[in-house]
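Chains as they are written, first to last, in the UniProt record's numbering: chain A, 1 to 254; chain B, 1 to 254.
The set of hints was computed from the structure by calculation and includes no laboratory data.
The model shown is predicted, which means the values in this text are computed figures rather than measured ones.
Treat the hints with caution; some may be incorrect.
Which copy is meant is left open, so a pair is good if it fits within one copy or across any two.
Okay, derived cross-link-like pairs now, DSSO-like style, lysine-lysine, Cα gap no bigger than 30 Å in a straight line [claimed, not checked]:
{"id": "1", "residue 1": "K128", "residue 2": "K141"}
{"id": "2", "residue 1": "K19", "residue 2": "K207"}
{"id": "3", "residue 1": "K83", "residue 2": "K207"}
{"id": "4", "residue 1": "K141", "residue 2": "K88"}
{"id": "5", "residue 1": "K141", "residue 2": "K83"}
{"id": "6", "residue 1": "K141", "residue 2": "K207"}
{"id": "7", "residue 1": "K207", "residue 2": "K88"}
2 protein chains.
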Amino acid sequence: MYYVFFTGTAGSGKTTMVKEFQGYLLDQDMDVAVINMDPAVEGLPYYPDLDVREYVDATEVMRRYGLGPNSSLIASIDLLLTKASEIKGDLDSVEANYVLVDTPGQVELFAYRETGRYFSSLLVGGNKSVNVFLMDSSLAKEARSYVSLLLLSSSVRFKLGMPQVNVLSKVDLLSRDELDALMRWGEGEEIVDHLGVIDEYSFELVKALLENMEVPPVPVSSNSGEGFDELYAEIQRVVAGGEDFATEENNSRQ
Amino acid sequence: MYYVFFTGTAGSGKTTMVKEFQGYLLDQDMDVAVINMDPAVEGLPYYPDLDVREYVDATEVMRRYGLGPNSSLIASIDLLLTKASEIKGDLDSVEANYVLVDTPGQVELFAYRETGRYFSSLLVGGNKSVNVFLMDSSLAKEARSYVSLLLLSSSVRFKLGMPQVNVLSKVDLLSRDELDALMRWGEGEEIVDHLGVIDEYSFELVKALLENMEVPPVPVSSNSGEGFDELYAEIQRVVAGGEDFATEENNSRQ
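The following block holds chain A by itself, in its conformation from the complex (with noise of 0.2 Å):
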């Protein structure tokens, strides 16, 4: 049993692509199980085997304890921990070869509050797990931007301990050139060309991030299919063992 966890910022395309990859996984005759996670998410276009707001909805939280927006958001995500072991035994019964996991709307409630370490070390148990973090790539075409969520998805992979696959989403709104020159940028090439003037620090960390990155991200596209096929291999690559994540080790789920 595999799990792949979904992550990225707000309007990253993560809920659609959950949905899409399924589909695909399934015209391959896999076995799919789909888990959401996100209190908030108002609605959904695949059918979940287990949805969290069964357990916690951020709307009713927020009407029941007369809460704001922001504050119901952040109850929401902590009141799932109340829920866990209650959770856990539902879990139990979603069985299947690959299990999809549709995260909250905003990667920061997920990777920065306790809540979303702790949840998914439970839905994984011993198995093995791997995050897909998408860059959502009308933001990532400016250079600035594309460093930023490659940044940003390092801190993610820090925090979660996981094994990590950065794909570029969205891939159809780019033109042919926008979408070559995030590939060269993947390859470590160019981009400190398009940054401009940017200090020492700035150079140093640009370098090592894109130097050592062993995988550019995966250019994808949920609209048409482009890319699951080599999205699919790079999460075999992770899961199936080929690559043996050293972070893992110093994880608590092991």
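Assemble the complex: chain A is given as a structure, and chain B must be docked to it using the hints.
Relative to chain A, chain B alone:
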């Protein structure tokens, strides 16, 4: 006129720091104004000179458009753009040496949506600015989270293109030993030993992150006022021209 932004993850203590740092500056007979840029904040401990909730209030947006908590937050941030010229007009009446800007609870809404960057440019105009990034020390005392927060800080720095000062907030909640360890990490010492087994990529990234950092995060407590002198000195060093951030040359605000 110097603009000092306060950013950081939800709960890192931005609003409290804005209030207490305002008091600190006032005690020294300095001329200070405060701007609230968070349309979703439910209560403020200070009196803002400009409050974006007068133009867009997230709770009101939620009710009026029947939105859920998550979409109302995003809609509110984006709606601010439609009020930009009105806000700009009112801004001209705010006059002070230091303008402290309290940003949305979740750093993601401010840093990774275009509104944040657009609005900060609008506010700052031709003046100098600095972004104080709060690293919550209750999170930062774990080595992986420390690195994760530094990466998030660098990500925000690249995205906003503004000189940045990192702060360890809420240090009054740390023991002496915990604080000492964080200070050594800030100097680039010992932290690698606390990360456990990490892969080559992570190692190179941590090295670049720590070795080239000019100034380690400043330990600050808004409760006791500890570290405010040092924070003020850092802000001065940056905005009063001591440091010429090359990153700004490439910025639309210049």
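Consistency of the hints with the structure:
In this assembly of identical chains, K128 and K141 lie within 30 Å of each other by CA distance solely across copies; the values are 27 Å between and 32 Å within a copy. Proximity of K19 and K207 under a CA criterion of 30 Å is satisfied in neither setting, with 35 Å inside one chain copy and 39 Å between copies. For the homomeric pair K83 and K207, neither the shortest alpha-carbon distance inside one copy (44 Å) nor that between copies (40 Å) is at most 30 Å. In this assembly of identical chains, K141 and K88 lie within 30 Å of each other by CA distance solely across copies; the values are 29 Å between and 40 Å within a copy.
Taking the closest pair of Cα atoms, K141 and K83 come within 30 Å of each other only across two copies (27 Å); inside a single copy the shortest separation is 41 Å, beyond that limit. In the homo-oligomer, the alpha carbons of K141 and K207 lie at most 30 Å apart both inside one protomer (18 Å) and across protomers (27 Å), since each shortest distance falls under that limit. In this assembly of identical chains, the alpha carbons of K207 and K88 never lie at most 30 Å apart, being 42 Å within a copy and 39 Å across copies at closest.
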